[in-house]
Every structure is written in C-alpha cells, then in structure tokens.
Amino acid sequence: MSIFVDKNTRVLVQGITGREGQFHTRQCVEYGTRIVAGVTPGKGGMEMDGVPVFNTVSSAVDATNADCSMIFVPPPFAADAIMEATDAGIGLIIAITEGIPVLDMMRVKRFLSTGKSRLIGPNCPGIITPGQAKVGIMPGQIHKPGGPIGVISRSGTLTYEVVFQLTREGIGQTTCIGIGGDPVNGTSFIDCLDAFEKDPDTSGIVMVGEIGGNAEEDAATFIRDKVTKPVVSFIAGMTAPPGRRMGHAGAIVSGNSGTAAAKVAALKDAGVYVCEDLGRIGELCADVFQF
Amino acid sequence: MKIHEFQAKKLMGAYDIPVPEGGVASTLKEAKEIARRIGGLPLAIKAQIHAGGRGKGGGVKIARTFDEVSSHAGSIIGMNLVTPQTGPDGRKVRHILVEQGLDIASELYLSLTCDRESGSILIMASESGGMDIEQVARKTPEKIVKVLVDPVFGIRPFHLRRTAFGLNLDKDVIRPFSAMLERLYDLLVEKDASLVEINPLVITNDGRVIALDAKIDFDDNALFRHPDIAEFRDENEEDPLEVEASGYNLNYINMGGTVGNMVNGAGLAMAVMDTIKLAGAEPANFLDVGGGASAEMIENGFRIILSDPKVKALLINIFGGILRCDVLAEGVVTAARNIDIKVPVVVRMEGTNVEKGRKILAESGLEIITASDLKDAGEKVARLVA
Chain A
141 MSIFVDKNTR VLVQGITGRE GQFHTRQCVE YGTRIVAGVT PGKGGMEMDG
191 VPVFNTVSSA VDATNADCSM IFVPPPFAAD AIMEATDAGI GLIIAITEGI
241 PVLDMMRVKR FLSTGKSRLI GPNCPGIITP GQAKVGIMPG QIHKPGGPIG
291 VISRSGTLTY EVVFQLTREG IGQTTCIGIG GDPVNGTSFI DCLDAFEKDP
341 DTSGIVMVGE IGGNAEEDAA TFIRDKVTKP VVSFIAGMTA PPGRRMGHAG
391 AIVSGNSGTA AAKVAALKDA GVYVCEDLGR IGELCADVFQ F
Chain B
4 MKIHEFQAKK LMGAYDIPVP EGGVASTLKE AKEIARRIGG LPLAIKAQIH
54 AGGRGKGGGV KIARTFDEVS SHAGSIIGMN LVTPQTGPDG RKVRHILVEQ
104 GLDIASELYL SLTCDRESGS ILIMASESGG MDIEQVARKT PEKIVKVLVD
154 PVFGIRPFHL RRTAFGLNLD KDVIRPFSAM LERLYDLLVE KDASLVEINP
204 LVITNDGRVI ALDAKIDFDD NALFRHPDIA EFRDENEEDP LEVEASGYNL
254 NYINMGGTVG NMVNGAGLAM AVMDTIKLAG AEPANFLDVG GGASAEMIEN
304 GFRIILSDPK VKALLINIFG GILRCDVLAE GVVTAARNID IKVPVVVRME
354 GTNVEKGRKI LAESGLEIIT ASDLKDAGEK VARLVA
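First to last, the protein sequences are chains A and B. So the first sequence is residues 141 to 431, counted in our numbering. So the second sequence is residues 4 to 389, counted in our numbering.
Chain A extracted, bound-state conformation (with noise of 0.2 Å):
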C-alpha cells in the first residue's frame, strides 16, 4: 500500500503546456504514472503528447474524472490554479510552484477548508509511491519500490539524497512526499505522520525538517502522542545564521524562534531518532528500521 497516490490515481497537468510541465509529464509518463488530461487556458482541444488539453480543470474532470491535479503554473496564477483545482472537486492538489506571495497561500487556505481537497505544496517536488506513482519532478529511478519506509520532507534535493542512502541501504520507500519550503503550505508533517501510521505497509518513517516555523516541535508533539512506529529525523540549518532567508521562502530564523537546535532537542525528547550527520542517515536508517 502507500499513501496519497498509487498506479490508479489519474493525474491532470495545470500549466501542461509551459516548459516545465511538459517535461516533467513526459518523466511522469515514462515512470509509469496516469496522465489523463492537461489544461492550459485557451489551448483546450490540443494534445500534448496524446494527452488532451482542456482550458478549465472543470472541463478536464468532466471529461477524464481526474482526482489528482500537478501545479506548474506561474506565481502569479498560481493561487488562482489551485483554488481552481479545488472548486473543480479535485482530491489531491500537488502545487509545484516556488514563488508564490505569502498573502495568496493565506487565501487559499482558507479557500481550500471549504471543500474536501488535500493541496501538497506549494514549493514542492511533489509526490511518488515507487513503482506506481510519481506526480512531481522527483527523479524516480533512485527510489526503491515496495517499502517499508515512508519519506516525508520540507526540501527537495535533500530529500533525493536521504532517499538515495535507504535505496544504497537496499530500503525501499512505500510513499516519499515533498510538503514544500513555503512558511505557509497544504499537507503538514502531522498529516502524513498520521497517514503513515495507518498504512500497514508503512514500518518506519523519515522525517527531513529544516530551519523556519515550528512544524517539526508540532510533529515532534504528535510523534510522542501518536505514533508507534519508528521515526528517524534529519534537521537541516544547524549554521544557518537569524535572520536570513536559506533559500526556501520559508527557512528563516526569526529571533529565538525556528532555530535547528530547539528542533533537534523536541524530537529527541519525542522519542525520535536524530540523525546530526547527513552522510550517515542510510547507516542509521539500516540499524534503526529492522523489522
């Protein structure tokens, strides 16, 4: 099993036809993922390598019954694509745009608690249950399919790496999620904390967090209180200095607050496994997953 998409979930493209979502659909479609439509307003009635574009998600859900949508669209129309996605009833919206203004993030969450949608993202690399399903820009051939490790992280490339050293290991991942470096984003750590737990072929989890907010002291909280399998746990941002933006819109330390250390001391108290040397989190992974 896995969480949140698997080889029966039917992906739609917002923003198919821009340079970046033409090449990842094609990567998506050579991994083995269902592209049922695309939709790129005004260019409804083309195709994009078979695949039909429609010009509203409405349309596109009428005509394929997508329940997955995989955002590329700019920042400035990206908040409009996902309210978009989520009045067209939508299940799973995985918004891969970085850049989006805070004040839209706000709005649209709000907009999303008025229908059922899950959003994973913004500023993500999306989504992939190994040998079933990818629905980002993740490159797949390094993960390893059949589990029993879920992957859930804030960053991109350090997830690749952390999923590259269980695959070494010869782990496999049941589902890696990336929830996206923005300060204010979709699907949280305890959600798929919580989704984690429930899967029976989930055994273990990865937890990759870095500097900004305090979603890692909130799952630490959760992981104490709700979670019985193990859980190992990267912190990037050790050296990063207050005050600076790392990059990720969403990695700053302000004042005392979002410091690595207050997170690394939560999740140790929360029973979890912290891992303080990159290079090593395959090693640690092989000792602490034996099932």
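Note that these hints are calculated values from the structure, not bench results. Bear in mind the structure is a predicted one, so any value in this text is a computation, not a measurement. Check the hints yourself; a few may be wrong.
Stretch by stretch, here's where chain A covers chain B in the computed footprint (C-beta under 8 Å, at least three residues) [stated by the list, open to error]:
(1) 49-60
(2) 206-217
(3) 261-274
(4) 280-288
(5) 346-357
Which stretches of chain B does chain A cover? Using the computed rule of at least three CB atoms under 8 Å from a CB of chain A, they are [said to hold, decoys possible]:
(6) 191-202
(7) 221-228
Reference excerpt, derived from the structure (chain A facing chain B, CB under 10 Å, subset only) [unchecked claim]:
(8) Thr204
(9) Leu298
(10) Pro323
(11) Glu350
(12) Ala389
Just so it is clear, CB atoms sit at the ideal spot from N, CA and C, and this is done for glycine as well.
Following the hints, position chain B against chain A.
This is chain B only, laid out in the frame that chain A set:
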C-alpha cells in the same frame, strides 16, 4: 526585502498614518535645510541603515540647538555604524533622517505580521513600547496583546477594539489609534508587506498618535506586482557578492568561513554547510544553484564564491536528479577552464549518470579531488583548510 525607515515613513504618509515631520538628507547642507524648514527644536537625527539597535551604536541623536543639528548630522553622515544587528564590520551611513522632536506622553509597541502558523495576519501590541518585543514577550507576556485577522474577511471593528482596549488606551486616543491600525492593515495587505512594525508608537501630550519609528519588510515573492516597492531596494545595504549573485538568479549568502561550497537545492545546501561545520571547518557561504542548474549558473557560482578572498577550498556537492551528473561535470570542467581557480576543489556527485560524470572529471586534466560520499567530502575539504 527590507527598506529604510524614511522609505517606510513615506509609505505610511501615503496611507495617512501620522509620522513626525521630517526629511531625509545625505549631506550636511541638506540636513540644515530640513531643520530650517521644520523650524522648531528639538530635532532627532537618525542614521538610515537596514539594522536595528541604531541608538546603541550612536546612530540616533537629539539636537537641542541648530548648532547641534550640524554637529550630530556631521558625525553621523558617513560614519561606520556598528549595532548589535550589523555584526562587527558595521554599516556605512549614507542617509540620515532629520525629524521634529515630539512631546511624548507614552510609548507603545505595534506590529502586524503574516503569521505562518495560523495563516493569518497577526497584530501584536504592547504598552511596553521602545523595548525589544522578544524580551517583553519573555519577561511579561501578559503585557502583549495578540489579535489574529483572517485575510479573507479583513480587519473588522472588533479587531480594532480588542487591540485598543487591550492596551488600556485613554478614551480620546482610541479613535485615532484604531484609524491608524486599520490603515496599517490596508498597507500590509495592499503592498504585500510581511512585517509592519512601529516601535515606539507614541502618544503625545496633546493626544496625537504618531509612528516615531517605522520598519516594513516585504514578501520578495510578491515584488513582481509592486514595482513601486521594488524601487525602494538599496543595494548598498547588501553584501556586494550577494547583490552580484542575485543578478545571476543565484541564491548566495556570505557566511564568513573558508570553505566555499556550491550545491543544488536549498535544503541540501544548508545540510552541506552543516556537514562542513561538523567536519571541523567553517562554511564561507550558502549557495543554491537551483534544482536544475545549468552549466552557465555553475560558472557564475564559481565566480561569486572565488571572489571572496577568504575562501581557501571549494566543495561542490551535486545531487543529479533530473539534472544529469554528466551535464554537471561538463559545466564544472568548462567553468574551471574559463576561470582561473587557485584553490583546491573537492567534488562529490551522486545520482543519474554519475559514472559518466566522474569519468568526465577524471579525464579533464583538472586537479579535482573526488569524494565518495557526503561525509568523505566534508572531511576531505576540512583537511584542506586545516
């Protein structure tokens, strides 16, 4: 993006938010003209730099005579101002704000921020104005009023009442205070500010509510729809290498150490800095060349890192995902040929087509030290600068 106090006050003025009468000067002559125009004494002379704690460093002075205007302005313009927030190197003061002094009855704290946890606008106010709000929050949390505003429904009269009554304001001050708060909210939302802070907000003896200080930060991601705000950027306040890097669309932050590093992806770039530190060395920078870095970006990255004279060795850590290792290796080789690299370079590559990539580096004739994994890379580069 940060802006200067005088720019923040200009913007507030445009929103009818009361600020002291004053003007910005970059020469003594201009300062005197502004003082004459204001007419009255005392006057405040305030250094304009993007850092707090200016008063502590001698960057804010009160002139009680016109002679003092000249002497204070003369000493502050051009000074190298060191405050707790500038670091030991300080900042050169290029502008001063000359402002009318006020007859102050009390000082408050007021700020509005985009609160990431609640996804709302957070109003924070306190009767303890003029102090570090984090200290107030630690020592006397009961003195801080917090009100959350849903950005969809906007600010409502009850939000204003909760804030004003929470501050125990005098009855006749409530109305001007509430009007000001409402306009500050409009400013934040309309201009995509991430922080609007007034510390102190003063109430004068004649019952006026005035922003004595003003700080506004903006959401970089929203600057595309505010060309007027983007104009406020002052590159003099930024590290010159960081300015140059932003011109190449590279995410670079100078860290002051000796190990330069180039990484694709922000999270991994932070983790590589941590790895360098863990191996016993100090990172010289944070540099994210992006998940899909091109050969050109790698070359520009090399240029930026190597123009920092403190750099004694360079670590390149690339996780080739969508971007293949052979393409990256070509980029490194081309860049190394185009730029005269005088420091040792350690390369750690992993991911798609890594064997091809390693072969390209090995056959390039360049003196590149290859590392087998991240830990190995950290240790090798740390030994080089030890």
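Checklist entry - What hints, given by number in increasing order, does this structure fail? => result Hint check: 1, 2, 8 fail, others pass.
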